[in-house]
Amino acid sequence: MSLRIVVTVKYVPDATGDRHFADDLTVDRDDVDGLLSELDEYAVEQALQIAENADDAEITVLTIGPEDAKDALRKALSMGADKAIHVEDDDLHGTDAIGTSLVLAKAIEKAGYDLVISGMASTDGTMGVVPALVAERLGVPQVTLLSEVSVEDGTVKGRRDGDTASEQLQASLPAVVSVTDQSGEARYPSFKGIMAAKKKPVTSWDLEDLDIEAGEVGLEGAYTAVDSAAERPARTAGTIVKDEGEGGKQLAAFLAERKFI
Amino acid sequence: MAEVLVYVDHVDGAVRKPTLELLTLARRIGEPVAVALGAGAADTAATLAEHGATRVLTHDAAEYADYLVVPKVDALQAACEAVSPAAVLVPSSAEGKEIAARLALRIGSGIITDAVDLEASDEGPVATQSVFAASFTTKSRVAKGAPVITVKANSAAVEAAPAAGAVEALAVSFSEQATGTKITGRTPRESTGRPELTEAAIVVSGGRGVGGAENFAVVEALADSLGAAVGASRAAVDAGWYPHSSQVGQTGKSVSPQLYIASGISGAIQHRAGMQTSKTIVAINKDSEAPIFDLVDYGVVGDLFDVVPQLTEEVKARKG
Ligand SMILES: Cc1cc2nc3c(=O)[nH]c(=O)nc-3n(C[C@H](O)[C@H](O)[C@H](O)COP(=O)(O)OP(=O)(O)OC[C@H]3O[C@@H](n4cnc5c(N)ncnc54)[C@H](O)[C@@H]3O)c2cc1C
Ligand SMILES: Nc1ncnc2c1ncn2[C@@H]1O[C@H](COP(=O)(O)O)[C@@H](O)[C@H]1O
Chain A
1212 MSLRIVVTVK YVPDATGDRH FADDLTVDRD DVDGLLSELD EYAVEQALQI AENADDAEIT
1272 VLTIGPEDAK DALRKALSMG ADKAIHVEDD DLHGTDAIGT SLVLAKAIEK AGYDLVISGM
1332 ASTDGTMGVV PALVAERLGV PQVTLLSEVS VEDGTVKGRR DGDTASEQLQ ASLPAVVSVT
1392 DQSGEARYPS FKGIMAAKKK PVTSWDLEDL DIEAGEVGLE GAYTAVDSAA ERPARTAGTI
1452 VKDEGEGGKQ LAAFLAERKF I
Chain B
25 MAEVLVYVDH VDGAVRKPTL ELLTLARRIG EPVAVALGAG AADTAATLAE HGATRVLTHD
85 AAEYADYLVV PKVDALQAAC EAVSPAAVLV PSSAEGKEIA ARLALRIGSG IITDAVDLEA
145 SDEGPVATQS VFAASFTTKS RVAKGAPVIT VKANSAAVEA APAAGAVEAL AVSFSEQATG
205 TKITGRTPRE STGRPELTEA AIVVSGGRGV GGAENFAVVE ALADSLGAAV GASRAAVDAG
265 WYPHSSQVGQ TGKSVSPQLY IASGISGAIQ HRAGMQTSKT IVAINKDSEA PIFDLVDYGV
325 VGDLFDVVPQ LTEEVKARKG
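Protein chains in written order, with this note's numbering: chain A, 1212 to 1472; chain B, 25 to 344.
Same shape as in the complex, but just chain B (with noise of 0.2 Å):
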């Protein structure tokens, strides 16, 4: 059966789950290498082969945490010449997609991101896109070359399927480009304590109507309830009130959670386009001609200082 690369994203050898859906996704086309790189590497490899990897190939150098990109680009390019997958896989990250597409260049093939979906079929894996605002879907194939793919987060379940996950070096050169771009400082970004925004199954958003920093609490306070990460609309982060790590849309965040509350949020299109593929969603706005109500499951018109503590009390007294 042909093999398919996945890029394992992770943080010192703790892998990230929409790694783990890749490896869902990956055995519907074929079997699962994965290839791991930088500090840790090795260490991802038994809950890879518990997801599916047949093998995983790992490489530690310095040039990957001190170089942007293309250090990471010669290593998936060496798997490549070692492995001839059948298609290529890479979480749909910033850096996912711009690694992918730098890899496609230089083998010759196309590329395909932010997929939502992948199917197998005799033209060779078929990706679901969801565009313009996620008002269209689209399905695309790549026609030249082995189809390397970047799909974005909740795209599919982490299934367990035992494999043998064999760890084996990979002999890894690199370009002359590779250590171009120098990073000369990383600060890590402060844990919240709360779910990763893209991964998470909950997420609660506030936007303008929330009308401060401070007032951000009521949001916090119902989204600890759900066990939810937090989000915020670009109006909240421009104002300075919420980091743009949480920023949810086009220039923030994508996030398909299975439930998603808005909270003095007006539904911009720039919005809709982070969150339109929610399972289910909720808004609260005192405005009932807001434009997030044309997406909800669910919608209540009312000031969101009253509505969200009278939701988080009831959550926890449901809960126990």
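For reference, chain A alone in the conformation it holds in the complex (with noise of 0.2 Å):
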């Protein structure tokens, strides 16, 4: 039987970019450029990997986001999957990550999985929780920020280095699994892949198709609320020397008198 897999994507502003927040201090999605989270290719590409070990499997990604957001979809099907799920509805805008959660399993059920795949965390809101809320509505094991993933009989394993040791795990699927940025190099699209790509089905979902109420999401349904965003002040401007031979010594003298020394 195929291996379904579902890998989780998402369209973020772009790092290097001015990121800003609009009035209502949502991420402001609109004026900035938009890319697929460079630390979901990650998720994409072992997938991919996965993938190339099954008999038969099939990849689909899902992301939930503006009507740009299938510039996400777009790439990540040039770079291998087969088809991808755009959820897309006004009332989702100003979703947290509560809500986000809702929306990926309600859509994740929907399309049928063995397997999802996500990244460690989005580049925007770089909270890292979305894949254990999303595994605790499925009610399947979490098997979370890998740097090395395996999938075998049924089985997922994986390295977890966490702060104190490095930890070996196991689960039986369906899972819910994320990668880190240690996982291996995502690859780049072929040109073949980039053209392939555009024949691939992209299927949108809204609220309705997923039986999810405007409320339970978006600003309205959101269980934190954002007071404030201020620009951080741009610190003052430093002290900068050049070398000349001595450059050791002045910094040691800086540091002694602001007392580290």
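Just so you know, these hints were derived from the structure itself, not from any lab. Some clues are possibly wrong.
If you want a taste of the chain A side facing chain B, the calculated C-beta under 7 Å gives, among others [claimed, not checked]: (1) 1374; (2) 1439; (3) 1468; (4) 1469; (5) 1470.
Taking lysine to aspartate or glutamate and the EDC-like style, the derived pairs with C-alpha atoms no more than 20 Å apart in a straight line are [as the list claims (entries may be wrong)]: (6) 340(B) with 1457(A); (7) 1368(A) with 87(B); (8) 1460(A) with 244(B); (9) 1281(A) with 1225(A); (10) 1453(A) with 321(B); (11) 1460(A) with 337(B); (12) 41(B) with 214(B); (13) 303(B) with 214(B).
Because the structure is a prediction, the values reported are computed rather than measured. Note that beta-carbon positions come from the ideal geometry of N, C-alpha and C, so glycine has one too.
Fit the two chains together into the complex; they arrive one by one in their own frames, and the hints show the way.
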């Protein structure tokens, strides 16, 4: 039987651009260039490798996001995923992590799955909690933050490098996996891949398709409220000296003045 | 006064510093009640009591070491049912965030991660966060349920505040999901003998400019002269010169020490994300145009192989 892999990918504002907030204190996604979160490319890559090692597998990439989020799906399809699902609805604007996990879990169930693969964190929200929340909602094992992953005979195994130890993990499918940027470089889409992606199916679902009420998600349904967002004042210009043989000593004098020595 | 649950991060009963910082923050909101799980849980009580825990709820079972995350969520949920807390505080480690998120979902609460400060208000605790690679500061609240908040290390001072710290056994029954993900092996990280990266008062980091694994000795010598932790950029880690556990940045550790010294690091946005909130920043780089110089309190444009050893000697001389 075919191994059904769903990869969750997020469309995020470019981290090297000028990221900011909209008037309602949500992340401004209109005025900033967006792209497939780099950390989700690692999830797509591992999905492709797992599929290559399976007899028969199908990869669906799933995103929740505005119209432009289709760009993220296209990129994943051009890397080699088979099909895509785009959850788009005006009422999703301002959805927080708890709401995002609800929509993802409903969409994953509707799509059908044996394995969900996510990135370690989104590059805009950087919470790193959505995969754990999706696992909780689906009631399946979470095998998260893996720097190495493999799937064989209905079992997922992986290595999680934690704060105090490196752990070997194991769980039965179905399961939710997330992978880190240590899991292996993501491939670049080939020209052939880019052409093929244009013909791959992208299904659109809205909240009604997923039996979710507007009030459960979006700003209105959010479990958290942002009261203010202020740009961090630029650091006051420091002293910069050119080393002409005494640079280390000058630095030591500065550290002594600041009482670090 | 309302009680605030504090999840205790400990290794065999030795409480890690971020938990003590949480007790400081918890006391701003209510009376701290600590929850300590796993081997050595009861041994945490004396330290926790010294820092303000009125009660210490403990439970030990093999499940905490043998299965990932969920047994701890089950226990925290049991603690919430027993205590009805005004808030739940958890250290912002990767695991801490996952535990907190699943707990929030179960108890119908919102979750805030990576807070760097916490204040009481009429509308509940207000969390300060540093977002978009620390270029913005936000203030947020949990709008539904008892707030579940994870807090970054170095967000508050550790304070002595003696309290009863009475040890009580927590009754926990594990859920069906508790044994879903088995931990089949564990290799403890080797101790470097240096301070923990996220907790250190001083961090000395090296990047691609260090040029090789063996050259990191130069960075380590400076770190040791200052009693500092050693960090690395992703470029240095990807090159295999230094372990990933020492990586500073978006996909590594986030640090906020009193002093951060970057040598041979350009200051890419993903690196800044992990160190920009450091109090004093110093850089050594031979390129005067390197973006890291936009952040520094003091910068030296020069070759790190000249500047760093000279600095190390001078530190040693001054310390006598
Ligand atoms: C999704 C994502 C996540 C990332 N996460 C992280 C992360 O967590 N942490 C991180 O650090 N990066 C991260 N990066 C990578 C980041 O973008 C940069 O590539 C990386 O930080 C560069 O490391 P560097 O500054 O050491 O190297 P470089 O940018 O190559 O800079 C080396 C510097 O050393 C200087 N130099 C060279 N020789 C000497 C010398 N002898 N003396 C003095 N100076 C010298 C050079 O002038 C240069 O400025 C991430 C990237 C992505 C896309
Ligand atoms: N809007 C979204 N659409 C699809 N996947 C998402 C979305 N938000 C988060 N994810 C997934 O969850 C992971 C962790 O996100 P976060 O918890 O927000 O840091 C990401 O790497 C994605 O795989």
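Right, here's what the structure says about each hint:
Given hint, residue 1374(A) at the interface with chain B, holds; its Cβ is 5 Å from that chain's nearest Cβ, closer than 7 Å. The beta carbon of residue 1439(A) is positioned within 7 Å of a beta carbon in chain B (closest approach about 5 Å), and the interface hint is therefore held. With a least beta-carbon distance of about 9 Å to chain B, the hint placing residue 1468(A) at the interface is violated under the 7 Å criterion. The interface hint given for residue 1469(A) is met, as the beta carbon of that residue sits about 6 Å from the closest beta carbon of chain B, less than 7 Å.
Against a cut-off of 7 Å between C-beta atoms, the interface hint on residue 1470(A) is violated, since the closest Cβ of chain B lies about 10 Å away. Pair hint residue 340(B) plus residue 1457(A) holds up; C-alpha atoms about 16 Å apart against a cutoff of 20 Å. With a CA separation close to 19 Å, the supplied pair residue 1368(A) and residue 87(B) stays within the 20 Å bound. Taking the CA atoms of residue 1460(A) and residue 244(B), the gap is near 18 Å; set against the 20 Å cutoff, the hint holds.
Our distance criterion of 20 Å between C-alpha atoms is met by residue 1281(A) and residue 1225(A), whose separation comes to about 15 Å. A distance of roughly 14 Å separates the Cα atoms of residue 1453(A) and residue 321(B); the hinted pair therefore holds under the 20 Å criterion. For the hint pairing residue 1460(A) with residue 337(B), the CA-to-CA distance comes to about 9 Å; that is within 20 Å, so the pair holds. With a CA separation close to 19 Å, the supplied pair residue 41(B) and residue 214(B) stays within the 20 Å bound.
Annotation: proposed proximity of residue 303(B) to residue 214(B) is violated, straight-line Cα distance about 29 Å (limit 20 Å).
Hint compliance for this structure: hints 3, 5 and 13 are broken, all remaining hints hold.
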